[in-house]
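So the protein lines, in turn, are chains C and V.
Quick note on numbering: my numbering labels position 109 of the first sequence as 331, and the sequence is numbered without any gaps.
Quick note on numbering: my numbering labels position 239 of the second sequence as 464, and the sequence is numbered without any gaps.
Take these hints with a grain of salt, some might be off.
[As the list claims (entries may be wrong)] Simulated pairs of lysine-lysine, BS3-like, Cα-Cα distance not exceeding 30 Å:
{"id": "1", "chain 1": "V", "residue 1": "K611", "chain 2": "C", "residue 2": "K410"}
{"id": "2", "chain 1": "V", "residue 1": "K366", "chain 2": "V", "residue 2": "K402"}
{"id": "3", "chain 1": "V", "residue 1": "K357", "chain 2": "C", "residue 2": "K374"}
{"id": "4", "chain 1": "V", "residue 1": "K366", "chain 2": "C", "residue 2": "K261"}
{"id": "5", "chain 1": "V", "residue 1": "K1247", "chain 2": "C", "residue 2": "K378"}
{"id": "6", "chain 1": "V", "residue 1": "K1247", "chain 2": "V", "residue 2": "K1219"}
{"id": "7", "chain 1": "C", "residue 1": "K353", "chain 2": "C", "residue 2": "K277"}
{"id": "8", "chain 1": "C", "residue 1": "K415", "chain 2": "C", "residue 2": "K261"}
{"id": "9", "chain 1": "C", "residue 1": "K277", "chain 2": "V", "residue 2": "K357"}
The hints are simulated quantities; they were obtained by calculation from the structure and are not laboratory data.
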Amino acid sequence: MKKALLFLPVLLLMAGLQTLKAQTAQEIVENYLETIGGKEQLNAVSSIKMQATGKAQGMELPITMFQKAPGMMRMDMVFQGKEVTQMAFNGEEGWSTNFMTMEAEKWDAEQSEIMKSDMDFLNAFLQYEEKGYSVALEGEEEVEGTPCFKVKLTKKPVKVEGKEEENFSFYYFDKEAFVPIMQEEYAKTGQMKGQSSQTYFSDYQEVEGIYFPFSISQKFQGQTVFDLAVEKMELNAEMDDALFAYPEPAPASGDKE
Amino acid sequence: MHKALLFLGFYLVFCSLFGQDSEIPRGDALFGSMRARHIGPALMSGRITDLEGHPSDPKILYVGTAGGGVWKSTDGGVTFASVFDDHPQSIGAVALDPQNPDNVAWVGTGECWVRNSVSVGDGLYRSDDGGKNWRRMGLEKSERISSIQINPDNPSQVYVGVLGALWGDSEERGVYKTEDGGATWEKILYVGPSTGCSDLAMDPQDPGTLYAAFWEFRRTAYSFNSGGGNSALYKSTDGGKTWNKIHNGFPAGKLGRIAIAISPSSSNILYSVIESEQNEGKGLYRSEDGGATWEHRNKDFELAVRPFYFSRIVVDPRNPDVVCKAGLSGSISKDGGRTFRGIGSGVHSDVHDFWFDVKDSDRIYLGSDGGVYRSWDGGTVWEMVKGLPVSQYYHVTTDMQKPFRVYGGLQDNGSWVGPSASPGGIEARDWLNVGYGDGFRVYSHPQDPNICYSEMQGAEGLWRVDMAKEQIKTIKPYAREGDPKLRFNWNTPISTSAHLPDRLFVGSQFLHRSDDRGETWIKISPDLTTNDPAKQLQEESGGISVDNSGAENHCTIFTIGESPLDEQVIWVGTDDGNVQVTMDGGGNWSNVTANIPGLPPNTWAYHIEPGHFDKQTAYAVFDGHTRNDGRTYVYKTTDGGKTWASIVTDDIQGFARSIQEDFVNPNLLYLGTEFGLYITVDGGRNWSKFTNNMPAVAVHHVTLHPRDNALVLATHGRGIIIIDDVTPLRQLTPEVASKEVHFFERPPAIIKETPSLGGTSAFGEFVGDNPTSAARIVYYLKKRHTFGKMEMQVLDASGKEVANLAPGKSRGINEVLWNYRYRMPKIAAAKTFTFGGFTTPTVPPGAYTVRLTKGKEVYETTLELVSDPESIHSEAGREAQHEAAMKLYHMNESLAYLIDQVDRMSEGVETARGKAPSKKVLKLLEPFATELKTMKEELVVTTGDNYVGAAEPMLREKIASLYSEVAGYAGRPSNAQMENLELLSSRLEAAQQKMGGVLERLAGLNAVLAKEGLPEVVYRSKEEFLEADL
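Looking at chain C on its own, in the form it has when it is part of the complex:
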């Protein structure tokens, strides 16, 4: 940990010097992965468990998040002493708890499909070429007063309402620090379809040799709509696949025996 902290300013300096040269998107991504811990370390992670506080509309909500390779995730929130699964995805299908019945309900099939093509563990840029993604440098822009490289990440197209649509987002890499400080995405479905939202990353902190953003803030039209403050992160914790799967209801009593 100590080493890593010392290493960081040096890296920042090197990164800074490198900005004097032209950069390609590939180099920016490589430097980024190197800066946050290196591919070898990143690839060694098989799961993440996160304790966080979500902040929205003046409320603070305790959140637990689980992520597991290759593409499973689950987010639970606590309301009035009860844990509610806000969203869960087992790599194939997603589900959430219905707030009225407190029972699990599956997402519609399209939403699961979109999630499937969107899920990345541990990082969208890890082995991006093997995943069929591409990156392109779109120029330089200031984000939060900070000069950034704007990199477009294009994933495989997704099907929305039966129509194949491009799936891309922009990452803004701090030119000095080489980590993304903002991601711009576009709603793929629903009433906000096509409209952009911005996710800001900060409070990068080291966990077992890897840097993660401990603060994530989402904005729409320049206004914060959701904040996430990570309190604790645990790598490679044991997680059963069942944690992510839709909890099949117990068979109706009439079917028994």
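Following the hints, position chain V against chain C.
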């Protein structure tokens, strides 16, 4: 040590390379998270210039507007989102790539319905992702693009019709062609420096066949000329290599603006509408042989009216005989143009474009001066799209109501008054119409909140409006015996006075003053203009079609600026370039125009802002664009106009129209230009563009609210835009900018007792943003925070944390909102939720500490919270409310803890039972378990769901419900509520007593369990419980 030195060396190099010490940052970095909000309105919407639908998906429609950019609907026109915010908002043409319409879209900027108030564009743009991102593809000096035609067989081949400059000669006009998707362009048809391509059509069956309409036209500030020997219709059959005039059947003599349309279903059938010098030859022509011969079909009023504004024909994609013509009301023919009917009432006048649904011709969209409309019956009945806030304000003022109201007039949409905040958001119903015709400047009476003054074009109407009774009295001045004809600008200046509440100014070529609310008028100046007779021939204006609307009235006063410090000091600017000042209330006037260095003669004096700190100081903004000069002119004098200095830098884009001086910091200035809002914090040495939720829209007027410190912008295309709190900018000095973290001083934050009703708009209707009612915590960060922990706590006077907020990390100004509420109480876990338990009580007024921890550094500031001065409650009432709400809050938590004890002990009992205890122990455990179970069932619901399957409410639900009612109202709880509180409190106490009994017996039980080697039944402390998430 070695290492440390090395590191220090690195660090120093690092700092010298990248350090930017005490410089005040610019742009995004300066404004940080300061954000503009849009309040519309959209109920009257604004001018639409071009509609373009998807060629196969009827759900997708793009709308190009006169000043509000491009809007896209993906749901068949129910909702629209702005997709072109970063670029000039004046749109000439929108086109979709026929092969890839989902992704490739083209926008030609610069409206081509060239009225006097039209904005300018700056070239051609292309999106490759369905409008999410745009890049400019050249034609930067085109000013206006009329059409974009894409070869359906080869979409990298694109033809663009450039109408070009309106106010002067230009060679960047004609027809342009690219073979490489827009990378390079060739001008393939050019007629002359005053003749542009007003319409361009491509034969969809044979993309090498093109029709290009050319128009000779020119505007000046005082005249309009349409038509001439160069107006013509051309055809090419070889992809634009050669062109021939196709006038066989057209009228002889000079022609004006010409529109051309091809029937998509039968491309030899063409329609053209022609402006002609000969009255008999005006109107609609049809050709059935690809333009070889033309037959005159119709010269009805709607076909010939105002060609510069309405030259657009749209043919049904399935039926070559169904033709729509733009016009004052718009009209439709079903018989190939022989006869037309009006498109029906309910549509705003001045129709500019139509779009037929690609699958159903009964479904038509149209765009007008008042927004987009949809018809489902082939164009007889129409409904308006209510979600397009593209209203075009000319001017804005505010009043001192709480919340303050905004007053202003709009292009072709009257004058309006609306609130800057309203419960549930600012809705259509919140706006009051206070003037007819085109609206311009509206002022509230400085003391009488029911009175405002409004006007219509050329002061044809000048009104005093009683807003309470909705009565309107005409109060304009008339020419008296011996006076020449009064000349009023299209956008006539009026102004109230800071010194006398009943005083009103209005400018013709003279300055008129009334001291009795407009009942009587005196002239307080001679003719202050150049009075150039050559610029006063507006009745001859129009060219081959006379167009004497008053829009070209010239040699008039355009701006009146009375010094807020001295009523004797009045500044006047004229549209023909004079700046005049009187120091004795109008007795003597000096023309100081010649003292302004670098200003071309006759440049329109658009706005004069008298200084708020020194009566010899004034700012003057000049607009040269009507002389084909797009440069920015802003000057400052500090000696009453004897000398002037420019305060313009290269940072500013676009000609400017309005400046506002800050009321506290004289170095802080706000400037509206054709392309947005610019702010300087150093008196004009550096300017930064404000972009957070602020489009590149033409800002026609800027005003600052003296009480609320809100910057209010009249935009000509995006309605009213407000930046709520500019006070951080006042405090931003180089010294502040040199600090790592700096908290700005804040006035006490008000605990707003906002009503929660409102919000009656239907989905799809525009609702304007409200200002936040939260307390603002504002600080400056020298550098963006990216690595390491940063957190923000709010502590009460005892040092207890009451909130943990998400701090902003941006370089520059960060604004964090706190809703001055405690967290939700802990609620007893049960089968279902109790919704009252989600309520958060308001904290009491007082001083709170905001603590920002950034790495190892701690920064603090004090936040003073005060009760709402508008409150209807007494202090004693509020205190009673707080006490009751907090008592209930703690009752929720006490019950929650009680249930936690029950649950923990029940678990413990179950565990012990599972360990196969002796019969003796079992006998002890069983009644204990039953007792716990019964206790729980009596206190919380253990069955049902959160909706209509809900169980009968128990003590938990009753406490939470009363808590929510009491905490949700800022005043004294009712007697019934207080009585109920006592009842619930005694029930809770009874339950707690019961628990006391249980706990007493627990000791005995645990002794037995321990003896038998079984785990004891335990529960956690209340503190532990309150700390935990679960």
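Hints versus structure:
no. : hint              : result
1   : K611/V x K410/C   : 24 Å, holds
2   : K366/V x K402/V   : 16 Å, holds
3   : K357/V x K374/C   : 13 Å, holds
4   : K366/V x K261/C   : 49 Å, violated
5   : K1247/V x K378/C  : 52 Å, violated
6   : K1247/V x K1219/V : 17 Å, holds
7   : K353/C x K277/C   : 33 Å, violated
8   : K415/C x K261/C   : 34 Å, violated
9   : K277/C x K357/V   : 28 Å, holds
Of the numbered hints given earlier, the model fails hints 4, 5, 7 and 8; all others are met.
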